[in-house]
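Asker: Please put together the full structure from these sequences, using the hints given.
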Amino acid sequence: MRVDPELKKDLKTYLKKKLSDTHRVVTVVSTYPLTKIELATLKKNVPRLKDSVIKNEVDKDILGGLIIRFGSKMIDLSLRRELQNLKKVVYERT
Amino acid sequence: MENLGIDIKLLVAQLVNFVLFFIIFKKFIASPFIGFLNKQRKEEQERAAALEKARTIEASLTEKELALKKKMAAEVDEVMKSVKQDAVLVKEDIIENANKEADEIIEKAKKQAGEEKVTMQKEVKNSVADLSVLMVNHVLKEYMSDKEQKQVTARVLKNLDKNLLNDES
Chain B
374 MRVDPELKKD
384 LKTYLKKKLS
394 DTHRVVTVVS
404 TYPLTKIELA
414 TLKKNVPRLK
424 DSVIKNEVDK
434 DILGGLIIRF
444 GSKMIDLSLR
454 RELQNLKKVV
464 YERT
Chain W
2 MENLGIDIKL
12 LVAQLVNFVL
22 FFIIFKKFIA
32 SPFIGFLNKQ
42 RKEEQERAAA
52 LEKARTIEAS
62 LTEKELALKK
72 KMAAEVDEVM
82 KSVKQDAVLV
92 KEDIIENANK
102 EADEIIEKAK
112 KQAGEEKVTM
122 QKEVKNSVAD
132 LSVLMVNHVL
142 KEYMSDKEQK
152 QVTARVLKNL
162 DKNLLNDES
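Respectively, the protein sequence lines represent chains B and W. The numbers in the numbering used here rise by one with no breaks, and the one at position 40 of the first sequence is 413. The numbers in the numbering used here rise by one with no breaks, and the one at position 16 of the second sequence is 17.
Among these hints, one or two may not hold up.
Claimed, not checked - Short derived list, chain W residues pointing at chain B, Cβ under 8 Å:
#: 1; residue: Glu66
#: 2; residue: Val153
#: 3; residue: Leu158
Unchecked claim - Under the rule of at most 30 Å between Cα atoms (straight-line distance), these lysine-lysine pairs were calculated in the DSS-like manner:
#: 4; chain 1: B; residue 1: Lys446; chain 2: W; residue 2: Lys151
#: 5; chain 1: W; residue 1: Lys159; chain 2: B; residue 2: Lys409
#: 6; chain 1: W; residue 1: Lys71; chain 2: W; residue 2: Lys82
#: 7; chain 1: W; residue 1: Lys148; chain 2: B; residue 2: Lys416
#: 8; chain 1: B; residue 1: Lys417; chain 2: W; residue 2: Lys142
#: 9; chain 1: B; residue 1: Lys409; chain 2: W; residue 2: Lys126
#: 10; chain 1: W; residue 1: Lys126; chain 2: B; residue 2: Lys460
#: 11; chain 1: B; residue 1: Lys428; chain 2: W; residue 2: Lys148
#: 12; chain 1: B; residue 1: Lys461; chain 2: W; residue 2: Lys118
These aren't lab readings, by the way, just hints derived from the structure by calculation. Every residue, glycine too, gets a C-beta built ideally from N, C-alpha and C.
Answerer: Structure follows, in structure tokens:
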């Protein structure tokens, strides 16, 4: 099937823009809504976040700490993760 | 002579008759008869010799039979002895194998029991770990105050690696 070159170009531009937007939006999950000071500290400590749009989500199940998601990647700094690590250590030692 | 009642002619004729009779008897009757008797005697001797030979052979055969029987008996004894020894060896072998198998089964059972014990211990430990983590999870979820939550967030922000996102992206 032959695709119209104009349509192909538009589609490429759209996907690039969407991908760029996706990379720009960073989701931060916490157990309570983060304050502006905390968000500022986060941006200050991680220079890459300066140009990103931070979207804060609340999830009590992570118990504490933060989860940072951008694009398809995720950095888990939550207490839930710590507990899972602890569980692994206990399993490995038994 | 005539007075004595002896007739010379008759006497001569009788004498001639006797001589003729003797000659005929000797030639045609006595010789074949003697030959027949000799033949019979010879055959009798041959039979006796054959009988003697047969007896000798019989005696020899009897001796051989006895010797053979003795030899067979000795061989049977030897074979029986050998079979008995073999049977004893087989019996010992069977007993040894049975003991070995029993030992192996016991050892295997012990090993299995040990492994099961270890598995059970592991399962118990894992259950304890799961339960502990679940309890901690529950306690943290239920009893952590906002202040403590913020302290945790502050600690995380403080220890955050600046290159964290750069490395990841």
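Asker: With 8 Å as the cut and Cβ atoms as the points, is Val153 (chain W) at the interface with chain B?
Answerer: At 4 Å from the nearest chain B Cβ, Val153 (chain W) passes the 8 Å test, so the hint holds.
Asker: Can you confirm whether the C-alpha distance between Lys126 (chain W) and Lys460 (chain B) stays at or below 30 Å?
Answerer: 11 Å, holds
Asker: For the pair supplied as a hint, Lys461 (chain B) and Lys118 (chain W), confirm whether the alpha-carbon distance does not exceed 30 Å.
Answerer: 22 Å, holds
Asker: Under the criterion of a CB-CB separation shorter than 8 Å, is Glu66 (chain W) in contact with chain B as hinted?
Answerer: Violated, because the Cβ-Cβ distance from Glu66 (chain W) to chain B comes to roughly 86 Å (cut-off 8 Å).
Asker: With the threshold set at 30 Å, check whether the alpha-carbon distance from Lys148 (chain W) to Lys416 (chain B) stays at or below it.
Answerer: 22 Å, holds
Asker: Next pair to validate is Lys417 (chain B) with Lys142 (chain W); report whether the Cα-Cα distance is within 30 Å.
Answerer: This hinted pair holds, its Cα atoms lying about 29 Å apart.
Asker: Does the CB of Leu158 (chain W) sit less than 8 Å away from some CB of chain B?
Answerer: 5 Å, holds
Asker: Would you mind confirming whether the straight-line C-alpha gap from Lys409 (chain B) to Lys126 (chain W) stays at or under 30 Å?
Answerer: Outside the cut-off at roughly 44 Å; violated.
Asker: For Lys159 (chain W) and Lys409 (chain B), compute the direct alpha-carbon distance and say whether it is at most 30 Å.
Answerer: With a Cα-Cα distance of about 16 Å, the restraint between Lys159 (chain W) and Lys409 (chain B) holds, given a limit of 30 Å.
Asker: Hey, Lys446 (chain B) versus Lys151 (chain W), does the alpha-carbon distance stay inside 30 Å?
Answerer: 25 Å, holds
Asker: What's the verdict on Lys71 (chain W) and Lys82 (chain W), does the C-alpha distance respect the 30 Å limit or exceed it?
Answerer: 16 Å, holds
Asker: Given the hint that Lys428 (chain B) pairs with Lys148 (chain W), test it: the Cα-Cα distance must not exceed 30 Å.
Answerer: 22 Å, holds
In the structure shown, a violation is registered for the earlier hints numbered 1 and 9, in ascending order.
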